[in-house]
Structure formats: structure tokens, C-alpha cells
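Residue numbers (our numbering), protein chains in the order written: chain A, 4 to 250; chain B, 11 to 348.
These are computed hints drawn from the structure, not numbers from a lab.
We treat Cβ as the ideally placed atom computed from N, Cα and C, and that holds for glycine.
It is possible that part of the hints are untrue.
Unchecked claim - Below, a sample of chain A positions facing chain B; criterion: calculated Cβ distance under 8 Å:
(1) LYS57
(2) GLY61
(3) GLY67
(4) ILE70
(5) THR71
(6) LYS73
(7) MET89
(8) CYS97
(9) TYR113
(10) VAL116
(11) VAL120
(12) ARG169
(13) GLU213
(14) ASP216
(15) GLN217
Claimed, not checked - Chain A side only, calculated, beta carbon under 7 Å to chain B, not exhaustive:
(16) SER119
(17) ASN238
(18) GLN242
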Amino acid sequence: MALFEARNIHKRFGSSVVLEDISLSFEEGQVNGIMGPNGAGKTTCFHCLTGHYKPSRGSIVFDGTDITGKPPQRIARMGVSRSFQMMNLFDDACVIENIILALPEFRRRYAQVTSSVFNDKVLLTQAYEVLDQVGLLGQEWQPSLSLSYGNRRALEIGVALAANPRIVFLDEPTSGLGVEATRQLVKLIQKLRDRYTIVMIEHDMRFLFELADQISVIHWGQVIAQGTPDELQSNKWVQRSALGAVA
Amino acid sequence: MVTLSDISRRSGQWITPQIAVFALVLLSLPFWIGPIGLYQYIGVEIAIWIIFALGFNLLFGYTGLHSFGHGAYLGVGAYAFGLFQLHVGVSLFGGLLAAILAAGVAGAVVASFVSHRRGIYFALMTIAFGQLFWFGAVKMHWITGGEDGLLNIPRPDLNLGVTSFDLSGNTALYYLIATLVIVITILTWRAVNSPFGRILQAIRQNEVRASFIGYEVWWFKWVVFTLSAMFAGLAGGLFSMAQESAYPDVMSLHQSGLIVMMVLVGGGLVNFWGPILGVVLYFIARDVLGAITETWLLWYGLMFVAMVMFKPEGLAGFLAELKRPSEPETWTKPAEEQ
């Protein structure tokens with residue numbers, strides 16, 4: 004059984020239908036890609052899968068539990084984590100605090116009103132592990148706003164990983180990145196693929212075809228093709244929509 | 011740029027040098043307040059409003075929730091204290107506990123309605139609820155005494171079992187309130203540096219991300235709203251004790267606006283000490299400017315406008331820049347040995 008499954012998801016805003024009968028399935032341990040042109044409904048799909056939007060119809064099942072319509076915080080606590088296309092960090096906080104805030108160990112201490120945060124060895128150790136994973140060691144006490152764009156992307160992913168998730172949704176992780184930063188990100192995701200189930204929305208086809216085990220193509224709010232990168236290159240829908248041209 | 015979420019070098023300590031200096035200033039105030047041309051009662055007022063402002067800034071500065079109706083809880087506390095003294099029994103602890111609980115309950119009920127809101131909707135709802143309380147205080151004259159309010163509220167003694175202190179004098183009352191201010195300052199300092207406090211600050215910075223990393227944002231908003239209402243209730247109880255009366259004006263929109271102005275002018279958005287500076291500045295402006303001109307509030311208002319336009323970080327932000335004008339924008343790593 005798939006770790007995460009979306010069945011017949013519909014999402015409409017008033018009279019406009021954004022997602023129509025989307026069914027997706029993500030196996031544990033795989034890197035899954037979602038691609039499609041601008042306005043295809045990819046981010047809306049992510050918003051539905053992670054609880055930001057309630058689907059108009061359909062169901063979402065994570066690890067055998069129906070999570071349809073559950074709020075994002077509850078879905079997050081079950082082990083579903085995500086990053087955002089637009090940078091979504093705690094900008095007044097330094098790098099390590101961004102990570103600490105997302106640690107389940109820290110979340111469990113939510114009601115503590117007198118203990119200290121930044122002298123706690125358990126929290127610091129866990130945060131340093133995540134910073135090591137995303138390559139931000141040495142910059143932990145910098146304000147997150149002072150990081151380079153590429154490093155802020157890495158921190159965005161770090162915050163998602165700090166929650167110790169079973170599945171990570173990354174919304175256009177290469178958005179705004181240069182060639183070198185994208186290369187770094189490829190290395191990072193290759194490093195993470197053994198530990199997490201990853202789902203990525205991506206515009207950069209080379210990036211996606213290089214990393215993904217399975218890819219779903221969304222167009223006009225529907226899944227028009229699904230398969231491995233090799234299968235998709237020969238898919239007539241993909242070729243017709245010119246999405247596979249770079250593959 | 012200074013921000014409230016800077017990690018203090020001493021974030022793990024209970025009593026920092028600043029807190030020690032603040033306590034010293036507070037406790038020595040009766041000895042120098044007269045010689046500098048002021049009077050003892052202003053110390054009582056400042057101390058009461060510091061309690062109100064510290065609690066309010068947990069909500070306003072730290073969580074980023076703009077309540078414009080917080081005077082209501084000051085008033086609820088004042089009435090609860092007065093009603094307790096007049097109808098239950100003359101007791102300091104009983105009265106203050108009643109003030110805290112009544113304001114806490116009122117805050118919790120309002121928070122249930124507003125904690126799922128943010129931005130302008132949150133702000134407008136707090137004003138609306140604030141006006142409801144004020145209107146209730148004016149109209150329910152059989153409880154509140156209507157527009158006249160509750161008069162001749164006794165000032166109870168401080169009874170510690172083995173000994174008791176007469177609080178009828180302003181100096182004795184001041185020492186009681188100053189002691190409470192010191193305790194509350196230490197507790198709020200610890201709270202804002204604790205996991206709970208850092209989560210509040212995370213919610214201020216990015217409510218959406220906070221929920222996507224698993225926090226029940228509405229619950230934190232509810233708790234901090236209720237807590238700040240309890241602070242306001244305590245301040246209100248002390249206020250009615252000091253004034254020996256409680257009246258609708260205590261919970262008017264005017265008072266709600268004053269606390270916002272004090273916190274903003276003082277720099278509560280960027281510094282823990284901002285609300286305290288704001289309260290002190292307001293009362294000094296009221297008495298010093300007020301001695302010069304009847305239109306002192308106009309000048310204070312103009313100062314507020316100038317502060318918002320040219321120095322939105324407030325007095326605390328201004329002082330922070332004076333202290334370290336050439337420092338680059340780097341953060342302080344907590345000391346390794348802590």
C-alpha cells in the first residue's frame with residue numbers, strides 16, 4: 004500500500020474548477036515529481052494534500068489514516084511536512100531557531116514557560132544535525148534574512164526536515180536558484196532520498212528527471228500522465244505539451 | 011535592526027543585570043521621587059501601568075496580535091476588586107485574586123471568539139468586545155454603580171498571617187505594587203525566552219508556517235490573550251485599590267488606546283523593556299508637560315505621530331541604536347558556558 008494516496012481530488016473556488024479528479028499515489032522511500040505548466044493547479048494540489056485547502060471532493064489517505072480536510076497542524080504532527088514556493092521562514096529568528104521551532108522535541112515543550120531554549124543541549128544537538136543535513140553549519144546564529152537566496156532555500160527545506168517527517172512535500176525548491184545553487188540542491192536531495200519520501204513540484208525538468216523515481220504531469224487541473232522519467236519521455240501527452248522536450 | 015526575537019546573551023538567566031538595576035530603581039523610588047519634583051502617587055500609577063503594559067506586550071509585541079480593546083480587562087479587574095471588597099469581605103489577596111480571575115474569564119471568553127482571527131478582523135473584534143464591556147459597565151448600574159461607578163472601596167491591609175502592613179499610605183501601597191512589578195518582570199522575562207514565548211514570537215513572524223510545523227496557533231493565541239487579560243485584571247485591581255473607586259472610564263476605549271500608545275512609543279515591538287519605558291515616558295509627559303500646558307495630550311500625540319513616522323522602533327529602539335551605533339547586523343550567540 005502506498006504511504007500517501009490522494010483519490011479523486013476535486014477543488015473548486017466558486018465557479019472555477021482548479022483540480023478535477025486528481026489521483027496520486029506516493030510509495031515509501033521514493034522521490035516523486037509533479038510537473039506541469041504555470042496555472043496547472045500544482046500548488047493548489049499541494050495545498051489540498053497538506054491541509055491548507057479542504058478538497059471539494061475526494062479523499063486523502065496517509066499511512067492508512069484518512070486525513071481529508073484535517074487542519075495543517077494536525078497533518079504536520081502526523082509526519083507530513085512541506086516547504087513553500089514563496090519563502091516562508093521566521094524572518095526575525097536566527098537560522099538555528101527556525102530549525103528548533105520545527106523540532107518535535109521542542110513542540111512537546113510548548114507549555115514550558117520558564118525553561119530556556121538556546122542553552123538546551125538536546126535541542127541544539129538535534130538542530131545541528133538538521134543544519135548539517137542541509138549544509139548550513141557555521142551559519143546557525145545568522146539572522147535568517149541575511150542568508151543568501153540559495154541558503155534560504157536550504158533553510159526552508161531544513162525547517163521541513165526538522166519536523167522529522169515521513170513524507171516531505173517541496174514546492175518548487177529550485178525556484179529563483181542559479182545553476183550552482185541548483186546543483187547544490189540536487190546533491191542535497193540525493194542525500195535525503197534514503198531517509199525520506201519526497202514529493203516535489205518542479206518547473207525545472209532536468210532537475211526533476213534527474214532525481215524523481217515517479218513523475219505525475221498535471222495540466223488543466225488533471226493528471227494527464229504518470230510514470231517513470233523514461234516512460235514519460237515517450238508519452239505522447241507530455242511530448243505534445245512540450246514538457247518532455249528537455250528530458 | 012533590533013527585533014523582539016533577538017536571542018539575549020542571558021536568555022537562560024532568571025535575573026539579568028537589567029532586571030537588577032530596574033528592581034533597584036523601583037525600590038529606591040520613594041527616596042528620590044520627591045526631590046526631583048514628582049510625588050509618590052505617580053510611582054503607584056507607573057507601577058500599575060507597567061504590570062498592564064508587560065502583559066499587554068505579550069499579546070501585542072510578542073505575538074503580534076493587535077488588541078485595541080484591552081482597557082476592558084483593566085476595568086473588569088477594577089470592578090471585581092471593588093465588588094469583592096464591598097460585598098464579600100475586605101481582603102487584599104481575595105480582591106486581587108477576584109480581579110485576576112474575573113479578567114481572565116472575560117479574556118478567555120473574548121479570546122474564544124477572536125483567536126481564530128488575525129489582522130484587521132482580530133483588531134476590530136477586540137474593539138467591539140471592549141465597547142461591550144464599557145457599555146455593560148455604564149448600563150448595569152445595580153452591579154457597577156453606573157456612570158458613578160463603585161465608590162469608597164476600602165484599601166485592605168497586607169495580612170501575612172504573622173504580621174500585617176497598613177497600605178493606606180501611598181508609600182506602603184507603592185512598595186506592594188513595586189514588589190509585584192519585580193516578580194512579574196522576572197516571570198515575563200523568563201516566559202518570553204521559554205519555549206512558550208518563542209512559539210508566540212514564531213506566530214507573530216509567520217502564522218502560516220507555525221501551523222505547518224504542527225502548532226495549534228489558535229490555542230496559543232487564546233492562552234496569551236487570556237494571560238494578558240489576567241495581567242490587566244491584576245493592574246485593574248491595584249488601580250481600584252489605589253483610587254479607592256472603580257468607574258466606567260477605566261475600561262473606556264481611551265484607556266485601550268493609551269496602552270497601545272505607551273507600548274508603541276516605548277518600543278514594545280522591538281524590546282522587552284519598551285513597554286516599561288513607554289509607561290514612564292507617558293506619565294512624566296503627563297505631569298511635566300501637563301504642568302506647562304493644558305494641551306499636553308496634543309504634544310504627546312504629536313510625539314507619538316513623530317515616533318511612528320521617524321522611529322517606529324520606539325524609544326527602546328532609539329536607545330539600542332545609541333548604545334551600539336556601529337555594530338553590524340549580527341546576532342548574539344548565547345554564551346557557551348550557560
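Satisfaction of the A/ILE70 interface hint, Cβ to chain B closer than 8 Å: Since the shortest Cβ distance to chain B is 14 Å, the answer is violated.
Interface hint outcome for A/ASP216 [beta carbon to chain B under 8 Å]: violated (25 Å)
Hint status (Cβ of A/ASN238 to nearest Cβ of chain B, threshold 7 Å): For A/ASN238, the interface hint is violated, since the closest Cβ of chain B sits about 33 Å away, which is over 7 Å.
Hinted contact A/GLY67 with chain B - closest CB pair below 8 Å: violated (20 Å)
Cut-off 7 Å, beta-carbon criterion: hint that A/SER119 touches chain B: holds (4 Å)
A/GLY61 as chain B interface residue, shortest Cβ-Cβ below 8 Å: At 21 Å from the nearest chain B Cβ, A/GLY61 fails the 8 Å test, so the hint is violated.
Interface hint for A/CYS97, Cβ within 8 Å of any Cβ on chain B: Because about 5 Å separates A/CYS97 from the closest Cβ in chain B, which is inside the 8 Å limit, the hint holds.
Restraint outcome when A/ARG169 is required to lie within 8 Å of chain B by C-beta distance: violated (13 Å)
Interface hint for A/THR71, Cβ within 8 Å of any Cβ on chain B: A/THR71 check fails; min Cβ-Cβ to chain B is 17 Å, beyond 8 Å.
Hint check: 8 Å Cβ-Cβ cutoff, A/VAL120 to chain B: holds (5 Å)
Restraint satisfaction for A/TYR113 [CB to CB of chain B, less than 8 Å]: Where the cut-off is 8 Å and the nearest Cβ of chain B is about 6 Å from A/TYR113, the hint holds.
Per-residue hint verdict: A/LYS73, partner chain B, C-beta under 8 Å: violated (12 Å)
Checked against the numbered hints given earlier, this structure breaks hints 1, 2, 3, 4, 5, 6, 7, 12, 13, 14, 15, 17, 18; the rest are met.
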